[in-house]
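Generate coordinates for the entire structure from the input sequences, incorporating the hints supplied.
The residues making up each chain are set out below.
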Amino acid sequence: MRVWPSVGQIRWGWFLLGVAVLLVWPVFADTHTPTILLAYALFALSLGLMWGYAGLLSFGHTAYFGLGAYVYAIAVINIGESTVPLLLAIAIPAAVAAVIGAMMFYGRISDVYMGVITLVVTLILFKFMNATAGDQYVIGAARLGGFNGIPGFAVLNVPGMPEWSLFGTPLYYVAAVALLGCYLICRWILARSFGRVLVGIRENESRCELLGYNVPAYKTAIFSISAAMAGLAGCLFANWAEIVTPSVFSLRAAAEVIVWVMVGGLGTLVGPILGAMALGMVKLLLGEQTVIDNSLILGLILVIVVLAIPRGVVPAVQGWWRGRIRIRAQRAGHARPRRRLATAATRQP
Amino acid sequence: MTSEAVVETIDLTKRFGGVTAVDRVNFTLKERELRCLIGPNGAGKSTFFKCLTGQYRLDSGNGRVLIRGTDVVGMRPDQIVRMGVGIKTQVPSVMNGLTVMENLWLAARRTHGWARSGAEVQRVIDEVGLGDIARRTVGELAHGQRQMVEIGIVLAQDPWLVLLDEPAAGITGAEVERLVGLIAQINRTASVIVVDHDMEFVRMLGAGITVFHQGAVLTEGPPNKVLSDARVREVYIGNRA
Numbered sequence: 000m001r002v003w004p005s006v007g008q009i010r011w012g013w014f015l016l017g018v019a020v021l022l023v024w025p026v027f028a029d030t031h032t033p034t035i036l037l038a039y040a041l042f043a044l045s046l047g048l049m050w051g052y053a054g055l056l057s058f059g060h061t062a063y064f065g066l067g068a069y070v071y072a073i074a075v076i077n078i079g080e081s082t083v084p085l086l087l088a089i090a091i092p093a094a095v096a097a098v099i100g101a102m103m104f105y106g107r108i109s110d111v112y113m114g115v116i117t118l119v120v121t122l123i124l125f126k127f128m129n130a131t132a133g134d135q136y137v138i139g140a141a142r143l144g145g146f147n148g149i150p151g152f153a154v155l156n157v158p159g160m161p162e163w164s165l166f167g168t169p170l171y172y173v174a175a176v177a178l179l180g181c182y183l184i185c186r187w188i189l190a191r192s193f194g195r196v197l198v199g200i201r202e203n204e205s206r207c208e209l210l211g212y213n214v215p216a217y218k219t220a221i222f223s224i225s226a227a228m229a230g231l232a233g234c235l236f237a238n239w240a241e242i243v244t245p246s247v248f249s250l251r252a253a254a255e256v257i258v259w260v261m262v263g264g265l266g267t268l269v270g271p272i273l274g275a276m277a278l279g280m281v282k283l284l285l286g287e288q289t290v291i292d293n294s295l296i297l298g299l300i301l302v303i304v305v306l307a308i309p310r311g312v313v314p315a316v317q318g319w320w321r322g323r324i325r326i327r328a329q330r331a332g333h334a335r336p337r338r339r340l341a342t343a344a345t346r347q348p
Numbered sequence: 000m001t002s003e004a005v006v007e008t009i010d011l012t013k014r015f016g017g018v019t020a021v022d023r024v025n026f027t028l029k030e031r032e033l034r035c036l037i038g039p040n041g042a043g044k045s046t047f048f049k050c051l052t053g054q055y056r057l058d059s060g061n062g063r064v065l066i067r068g069t070d071v072v073g074m075r076p077d078q079i080v081r082m083g084v085g086i087k088t089q090v091p092s093v094m095n096g097l098t099v100m101e102n103l104w105l106a107a108r109r110t111h112g113w114a115r116s117g118a119e120v121q122r123v124i125d126e127v128g129l130g131d132i133a134r135r136t137v138g139e140l141a142h143g144q145r146q147m148v149e150i151g152i153v154l155a156q157d158p159w160l161v162l163l164d165e166p167a168a169g170i171t172g173a174e175v176e177r178l179v180g181l182i183a184q185i186n187r188t189a190s191v192i193v194v195d196h197d198m199e200f201v202r203m204l205g206a207g208i209t210v211f212h213q214g215a216v217l218t219e220g221p222p223n224k225v226l227s228d229a230r231v232r233e234v235y236i237g238n239r240a
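Top to bottom, those sequences are chains A and B.
Taking numbering that gives the first Met the number 0, the leading residue of the first sequence gets 0, the next gets one more, and so forth.
Taking numbering that gives the first Met the number 0, the leading residue of the second sequence gets 0, the next gets one more, and so forth.
Hints are computed from structural coordinates only; laboratory data are not their basis.
Please read these numbers as outputs of a predicted model, since none were measured by experiment.
Take the hints with a grain of salt, since some may be wrong.
To be verified - Computed list of chain B residues with no C-beta within reach of chain A, every gap over 12 Å:
| hint | residue |
| --- | --- |
| 1 | ILE9 |
| 2 | GLY17 |
| 3 | PHE26 |
| 4 | GLY62 |
| 5 | ARG187 |
| 6 | MET198 |
| 7 | LEU217 |
| 8 | GLY220 |
Claimed, not checked - Cβ-to-Cβ under 8 Å is the rule here; a few derived chain A residues that face chain B:
| hint | residue |
| --- | --- |
| 9 | ASP29 |
| 10 | ARG142 |
| 11 | GLY145 |
| 12 | VAL198 |
| 13 | GLY199 |
| 14 | ASN203 |
| 15 | SER205 |
| 16 | LEU209 |
| 17 | ASN213 |
Ideal Cβ positions, reconstructed from N, Cα and C, are used throughout, including at glycine.
Given below as structure tokens:
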């Protein structure tokens with residue numbers, strides 16, 4: 000008995016098509032831009048999981064993206080080999096989110112108050128990192144660099160082999176595997192009791208509590224998992240850019256990911272991925288000109304989408320497609336008896 | 000504490016600022032007992048209910064709530080529910096964006112585990128008669144249907160103590176009869192407290208009655224005795240006339 004249509008399920012045909020496209024892309028085109036789009040997509044996926052399925056909107060999710068980038072840069076400068084820094088870039092944002100999440104959720108803070116707290120955390124990090132110029136702000140061998148950030152750190156390498164750097168196309172494949180892997184993890188989470196309870200919490204938190212579920216624990220867990228994915232995306236971004244600056248904690252970065260998820264579509268996993276890739280591409284293209292401000296165009300796109308298709312692009316397309324199938328089925332259902340009647344009629348002597 | 004008491008409150012008091020909503024209430028519910036709490040609006044019965052379920056926290060020194068001998072004051076609602084308590088709230092508290100089956104599955108999953116939850120969902124659908132609406136989204140249903148879904152949610156948890164706040168609100172004649180039958184069925188395996196002010200529904204249940212007035216227990220006893228009590232008629236039935 001299939002009782003959970005509300006969380007959806009993986010469409011293996013579409014997934015394999017996505018794998019095939021990501022696999023053959025480097026054969027036909029440059030991988031530099033697609034690599035950062037994959038990192039953005041992973042970042043949006045992390046927020047889309049938490050916001051779309053658990054109903055938790057973090058206005059400052061870029062804090063964990065930025066932490067992932069900074070932790071990787073600082074750790075790799077001190078350690079040299081990239082395996083441990085990569086793991087730290089996932090674990091430390093997850094741990095920080097677990098602490099902040101536990102404080103918020105066990106303290107019964109939710110909705111707009113949660114948004115304010117997460118945004119304030121991000122802006123504190125932004126202010127702090129901007130104020131770290133000077134020789135006194137060092138962690139081991141890594142200078143934090145203030146406004147100028149941390150440049151020139153080692154990029155990812157094949158685990159255990161520091162001389163084998165993963166840059167260019169290999170980094171693209173790392174980003175592709177990270178995105179696909181995290182997508183599968185999200186699907187796995189949603190297929191388990193944990194994911195279903197999260198959807199229940201999104202729908203009615205107090206009812207879930209009256210069913211005996213420890214709601215703050217569930218919320219803290221998904222907040223931490225989402226931050227881990229955002230940290231991984233930040234690490235990929237740092238490897239792509241080869242520099243980390245406080246702009247990763249900026250208000251602009253915090254807003255961008257929310258726009259990506261809203262435009263792509265809440266309550267889906269593919270929506271945030273496609274939204275981030277499409278709008279990330281628009282952002283990069285707009286960055287090449289100086290006539291119109293980048294943010295104005297993104298804001299305009301958001302306003303148009305919210306007014307025209309408030310659920311976002313992917314849910315709207317899904318709804319339209321299901322509607323077509325339903326209409327076809329209804330027409331077929333009406334047509335069949337008529338054909339049978341006609342056949343019966345022709346058999347009459 | 001009485002050895003067979005499932006719920007016992009001792010001098011339970013709840014204040015909101017200067018207003019005393021529940022005033023030193025001593026109440027006992029025995030094993031497999033069905034009890035109705037009645038009273039006019041503002042009598043304190045729903046506040047009392049929320050004190051039992053942990054939705055309202057009691058300040059220290061404001062009495063005790065014992066459920067099977069365990070003092071639940073200070074416990075969160077989910078901790079109280081995990082003891083084996085099923086709760087239906089005054090306003091239907093269901094997951095509107097999910098289907099009826101999904102709502103029931105979430106209720107059954109915590110008590111019965113992954114493997115048995117599907118079968119439990121089917122059992123509840125059959126018992127409550129939700130077959131026609133099982134795959135519909137709860138938010139699309141009428142108020143009375145959502146009330147029945149919430150009763151189903153309580154049933155799916157297989158509780159030994161059931162607390163129902165205004166289960167008959169907004170449901171029609173035939174559904175009320177079905178609801179009375181369901182509550183009697185629940186009462187075969189669980190102790191039940193029903194909070195309601197629909198006198199006809201309370202009469203149909205035929206259970207012991209506790210009357211609340213101004214935050215305190217006015218009287219309690221079998222229905223015939225309570226409903227013929229002049230004080231009850233004055234504060235409750237008289238007010239409605």
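Hint-by-hint comparison with the structure:
1. ILE9: 24 Å, holds
2. GLY17: The claim holds: GLY17 of chain B sits with its nearest Cβ about 25 Å from chain A, beyond 12 Å.
3. PHE26: At roughly 21 Å from the nearest Cβ of chain A, PHE26 of chain B sits farther out than 12 Å, so the non-interface label holds.
4. GLY62: 22 Å, holds
5. ARG187: The assertion about ARG187 of chain B holds, with a minimum of 22 Å to chain A.
6. MET198: Fine: 27 Å to the nearest Cβ keeps MET198 of chain B off the interface.
7. LEU217: 29 Å, holds
8. GLY220: 30 Å, holds
9. ASP29: 43 Å, violated
10. ARG142: Since chain B brings no Cβ nearer than about 47 Å to ARG142 of chain A, farther than 8 Å, the hint is violated.
11. GLY145: This hint is violated: GLY145 of chain A lies away from chain B, its Cβ roughly 45 Å from the closest one there, beyond 8 Å.
12. VAL198: Holds, about 7 Å.
13. GLY199: 5 Å, holds
14. ASN203: It holds, given that the least Cβ distance between ASN203 of chain A and chain B is near 5 Å, below 8 Å.
15. SER205: 6 Å, holds
16. LEU209: Because about 5 Å separates LEU209 of chain A from the closest Cβ in chain B, which is inside the 8 Å limit, the hint holds.
17. ASN213: Where the cut-off is 8 Å and the nearest Cβ of chain B is about 5 Å from ASN213 of chain A, the hint holds.
In this structure, the hints that do not hold are numbers 9, 10 and 11, in rising order.
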